[in-house]
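*Asks:* In case you want the letters, here they are:
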Amino acid sequence: MNERTARLALGLGLPAALMALAGIPLLVFGGDLPNPVATHFELSGRSDGSMALGGFFFMTGLMIIVGLAGCVTVALVRRPLGPTGGALGAFAGAFLAGLGTGILTATVFTQHGIEQWQEARLPFLWIAWVVGLALVAGGAATRLGASLPSATAVTTGAPDASPTLDLAPGERAVWSTNMRSAWLFHLGLGLILVAIPVTIFTGAWAATGLVVAGLATMNVASVQVRADRSGLHVRYGKLPWPRTDVAIGRIGSARVIDVKPSEWGGWGYRGSLRLMRHAALVLRGGPGMRLDLTDGRVFVVTVDQPEEPVALLNALSARQGA
Amino acid sequence: MLIRVETDSGTPLHAQIAGQMRRAIASGDPAPGQKLPAARTLAEGLGVNVHTLLRAFQSLRDEGLLEVRRGRGTIVTGAAPPLARLNALAQDLVAEARRSGMADMEIRRLLEVQL
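Sequence lines, in order, name chains A and B. Under this note's numbering, the residue at position 202 of the first sequence is numbered 202, and the numbers go up by one with no gaps. With positions in the second sequence counted from 1, the corresponding number in this note's numbering is that position plus 322.
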């Protein structure tokens, strides 16, 4: 299977198939379901727990949307996605979406026409359906993801990974770059748009989380990174805060590295310098710089041509310490 | 984009900055359409007066390398990269000619002879 087919299948084919599988029975039978709907069952198949119908739709819908968003993301990202070529991310997304679709269809088929949730029965076969669908979707996505280009192993301890600029005594320098990630921006926008139907089903509180997540994602999609004698500074989107400032005195050394999003927790702002002692701003896989701070913390940023800011920061921090 | 200036050199800071930016634009970073960092930010980073940066920006605007778009800020023009290289060459030519003692009128004649 060539790369283009894999991307189309993962980004369009699989999502379309799952959405049709989830959507069609819902359209046909969805109006006929009890509210609240049975969502927990004993081994015998008898129902012993329920949930508001709107909440149920929200949960399964969220699983499907988030899972498919993961698949679409893997299909859209151009850079090699680590040694597995994105198979892991694709599996996780498709499995989650398959689970959501399975639960939704199982519920629709077994509970349409029922008056009270207590009457609902879930034969064991439907459990097999749910798990089976998730595994099949996940398996298909894994195969598709594995057809995408994978990153070759790169030694991060390369001899010239830590260059230093030779700054003359009276010389001053500043380095600046802007980076944008279109798909992160659209993902954030998508999350905000999803909040609209969510508000209709479950009310404002559930939608607020999506809106906040969407805004945060959109904000981190365009960053400005600057390195100068005061240290490293990162500004996110249009907002002046939050922001990242690493004082030059805190920088122990800077290195050029190859950033694999899977190694740093994915895309966006990952981790926390304060809470987790390491953080990574990953807008795309590929070249980036790694700062090893004096207190042992680590900060990573993906930037184009990282040799320039790395060399500058090494020179400036040496000048500071001298 | 990396900007380096020498505070104790004979060349005025704004000219050094403009030269550095010209070279950066000529090599494609920042690329046409990209927004430049604010003059204030760069000035802070270099530890120079913001007017020095603004003067450098103005020179590059005059040369057609930058333009100010409402709502977007200062961006690199589409014609910039080749233009930047030529302007950098011109700046080098003038600098070397002056170093060898040529007056401005002689430098102009130097170019006219070529045309």
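One or more of the hints may lead you astray.
[Unchecked claim] With a cut-off of at most 30 angstroms between alpha-carbon atoms, the simulated DSBU-like pairs for lysine-lysine come out as follows:
| # | chain 1 | residue 1 | chain 2 | residue 2 |
| --- | --- | --- | --- | --- |
| 1 | A | 238 | A | 260 |
| 2 | B | 357 | A | 238 |
| 3 | A | 260 | B | 357 |
[Unchecked claim] Partner residues aside, some chain B positions facing chain A, computed with beta carbon under 8 angstroms:
| # | residue |
| --- | --- |
| 4 | 324 |
| 5 | 328 |
| 6 | 332 |
| 7 | 363 |
| 8 | 372 |
| 9 | 403 |
| 10 | 404 |
Since the hints were derived computationally from the structure, they do not count as laboratory data. Here the structure is a predicted model, which is why all the values come from computation and not from measurement. All C-beta atoms in this analysis are idealised placements derived from N, C-alpha and C, irrespective of residue type, glycine included.
*Asks:* Look at each hint and say if it fits the structure.
*Replies:* Hints and how they fare:
1. Only pairs whose Cα atoms come within 30 angstroms are accepted, and residue 238/A paired with residue 260/A is accepted, the gap being roughly 27 angstroms.
2. Between the alpha carbons of residue 357/B and residue 238/A the distance comes to roughly 13 angstroms, so the proposed pair stays at or under 30 angstroms and holds.
3. Taking the CA atoms of residue 260/A and residue 357/B, the gap is about 27 angstroms. The hint holds against a cut of 30 angstroms.
4. The beta carbon of residue 324/B is positioned within 8 angstroms of a beta carbon in chain A (closest approach about 5 angstroms), and the interface hint is therefore held.
5. The interface hint given for residue 328/B is met, as the beta carbon of that residue sits about 5 angstroms from the closest beta carbon of chain A, less than 8 angstroms.
6. For residue 332/B, the shortest C-beta to C-beta distance to chain A is roughly 12 angstroms, which exceeds 8 angstroms, and the interface hint is violated.
7. With its C-beta approaching chain A no nearer than about 7 angstroms, residue 363/B sits inside the 8 angstroms limit, and its interface hint holds.
8. Because the closest C-beta pair between residue 372/B and chain A is about 13 angstroms apart, greater than 8 angstroms, the hint is violated.
9. Evaluation of the residue 403/B hint against chain A yields a violated restraint, the C-beta minimum of about 16 angstroms exceeding 8 angstroms.
10. Hint status for residue 404/B: violated, given a least beta-carbon distance of 21 angstroms to chain A, over 8 angstroms.
Hint check: violations occur at hints 6, 8, 9, 10; the rest are consistent with the structure.
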